[in-house]
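Every letter in the sequence shown is one number past the one before it in our numbering, and letter 366, counting from 1, is 444.
Where hints are given, some of them may not hold.
[To be verified] DSS-like, lysine-lysine: derived pairs with alpha carbons at most 25 Å apart: (1) 454 - 428; (2) 454 - 470; (3) 224 - 311; (4) 428 - 399; (5) 454 - 535; (6) 433 - 399; (7) 546 - 454; (8) 454 - 490; (9) 490 - 433; (10) 399 - 454; (11) 408 - 433; (12) 490 - 428; (13) 408 - 535.
Keep in mind the hints are simulated off the structure, nothing from the lab.
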Amino acid sequence: MLKAIAPAALLLVSSAVFAVSADIKNAPFDRTPVPSIYNEDYVDIPGEKRREHGDLTQDYSLAVEPKTRRSMLSAEPGRQTLSATGSSVAEQTDCPNLDFGSGLSLTFSAQGQFACVSTLVETETKIEGLLLNIPAEVNYDLFLFKHDENGLTQLDASFQANAAVEKTFAKVQPGAYVLVAQATQGASADPVIFGWQGYTQIDSQEANDRFEQRTPLSTNAVIQGNLDNSNDKDFFAYTAGPDQAQLNLRFNASEQFVLETWSGTSWVQLPNNQLGAYSVTPNTTVNFLVRATADNPPPASAQYALAMAAPGTATSIDNLKVWNNERLSKLLLLASYEPPTTSTSVQAHKLLNFKGWLKDASGNPAPFANVSIAIKTLGSDIEYSTLQADEKGMINGSVSLSDTCAANDYRKRIHNRVYSGTPTNPSMWWDIDFSIGDFAISVGDTIDYGSFYHICKERLVETCFYDKNYSTGMTELKCF
Numbered sequence: 079m080l081k082a083i084a085p086a087a088l089l090l091v092s093s094a095v096f097a098v099s100a101d102i103k104n105a106p107f108d109r110t111p112v113p114s115i116y117n118e119d120y121v122d123i124p125g126e127k128r129r130e131h132g133d134l135t136q137d138y139s140l141a142v143e144p145k146t147r148r149s150m151l152s153a154e155p156g157r158q159t160l161s162a163t164g165s166s167v168a169e170q171t172d173c174p175n176l177d178f179g180s181g182l183s184l185t186f187s188a189q190g191q192f193a194c195v196s197t198l199v200e201t202e203t204k205i206e207g208l209l210l211n212i213p214a215e216v217n218y219d220l221f222l223f224k225h226d227e228n229g230l231t232q233l234d235a236s237f238q239a240n241a242a243v244e245k246t247f248a249k250v251q252p253g254a255y256v257l258v259a260q261a262t263q264g265a266s267a268d269p270v271i272f273g274w275q276g277y278t279q280i281d282s283q284e285a286n287d288r289f290e291q292r293t294p295l296s297t298n299a300v301i302q303g304n305l306d307n308s309n310d311k312d313f314f315a316y317t318a319g320p321d322q323a324q325l326n327l328r329f330n331a332s333e334q335f336v337l338e339t340w341s342g343t344s345w346v347q348l349p350n351n352q353l354g355a356y357s358v359t360p361n362t363t364v365n366f367l368v369r370a371t372a373d374n375p376p377p378a379s380a381q382y383a384l385a386m387a388a389p390g391t392a393t394s395i396d397n398l399k400v401w402n403n404e405r406l407s408k409l410l411l412l413a414s415y416e417p418p419t420t421s422t423s424v425q426a427h428k429l430l431n432f433k434g435w436l437k438d439a440s441g442n443p444a445p446f447a448n449v450s451i452a453i454k455t456l457g458s459d460i461e462y463s464t465l466q467a468d469e470k471g472m473i474n475g476s477v478s479l480s481d482t483c484a485a486n487d488y489r490k491r492i493h494n495r496v497y498s499g500t501p502t503n504p505s506m507w508w509d510i511d512f513s514i515g516d517f518a519i520s521v522g523d524t525i526d527y528g529s530f531y532h533i534c535k536e537r538l539v540e541t542c543f544y545d546k547n548y549s550t551g552m553t554e555l556k557c558f
């Protein structure tokens, strides 16, 4: 059983349930049932580390300040002393100001009662509303609103049946916001904790902290994100195509991050920093969760990357480059010899290097796609190799050439065009045996062709340079 790390403790004070304005009482609360994860599509992805969905619940350890502290709220909120930045919101909503990181201890005495707080946000923030320690025999709900000149706009709501904790999440822009707790079924003398947190180190996918807030993933997409607090959870959903039977996926992250997928009965942990090929059922949804490790959560500055692709989506390759890094003379082009096909300046003996970017039919990168490379050299059969693109759709790798190298009677004695050689830059003559090799790169239905000089043998025939004889004062030509 995983033990979740609690966030920074909320600052709590005791309070009775307080009055709310007509705007809050008449707010159009959305009580659409929250989807259940157990009704989601099944995906058969094997794994060894399994975790039940119930383990996603965190334990919040909240410290209540001594009761001698004066309450921030009373039955007459209009009499409270509020901060200058939050006073206008509090006056308009009758919901006293409560800063992020603060909380209240509330007791509802009757079904239907409300409690609310307000705050002003000055920068893009993820708001996490919290209603904790809800008694088992009642149902209390939680609502998050934006407040402006048009009144209240609901951003999120949480109303799980018989839940001990209700949480709301929303990424918001600068403005005024209101959090409302409601006793919707029954009431209890046992107090609950009511408050909120604000996080500013957030990624572009937030808020996706609940299963029903999942971020949809696209084929051939790379998602980069972070966990803005130790309890943050990022949910994602990928829908397989009508003919898709496989999903290629790679989760680049430190061991402080965990990636899991829902198998239909439990959460299954997937490996970090490994490319995996997983079987999927066409037209079904695969659900993923990124969370922190229980005992070593990452800082908010740490990043993870989730890349996925469907096989066979690449249709073309852009900016193809072919080269060789072997220690060859690179002199063959000086012989003014043109191969019978469109020439390339590449000269290779044992390796050819390839680099390019794979694209799908829409011109977008095709992560993890494969290219097939066929190479034919004189005296050997066609040899096939495969290179796989990274999460950005880039291939960058080398292919070995055949051990058989036939010169086809091509031998050139080539001078390096240094006619007044020195000991450090001598005049050299080389005998080079070579033939013409051809390659074809297949991506989808497209094929790119090219040729190269296949170097079989290079032999240094003669080296000459001028050297000064200090005993005679004369300069002598020396050849070896």
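Hint check results:
no.	hint	in the structure
1	454 - 428	holds (13 Å)
2	454 - 470	violated (29 Å)
3	224 - 311	holds (23 Å)
4	428 - 399	holds (17 Å)
5	454 - 535	holds (18 Å)
6	433 - 399	holds (5 Å)
7	546 - 454	violated (50 Å)
8	454 - 490	holds (22 Å)
9	490 - 433	violated (30 Å)
10	399 - 454	holds (18 Å)
11	408 - 433	holds (20 Å)
12	490 - 428	holds (20 Å)
13	408 - 535	holds (12 Å)
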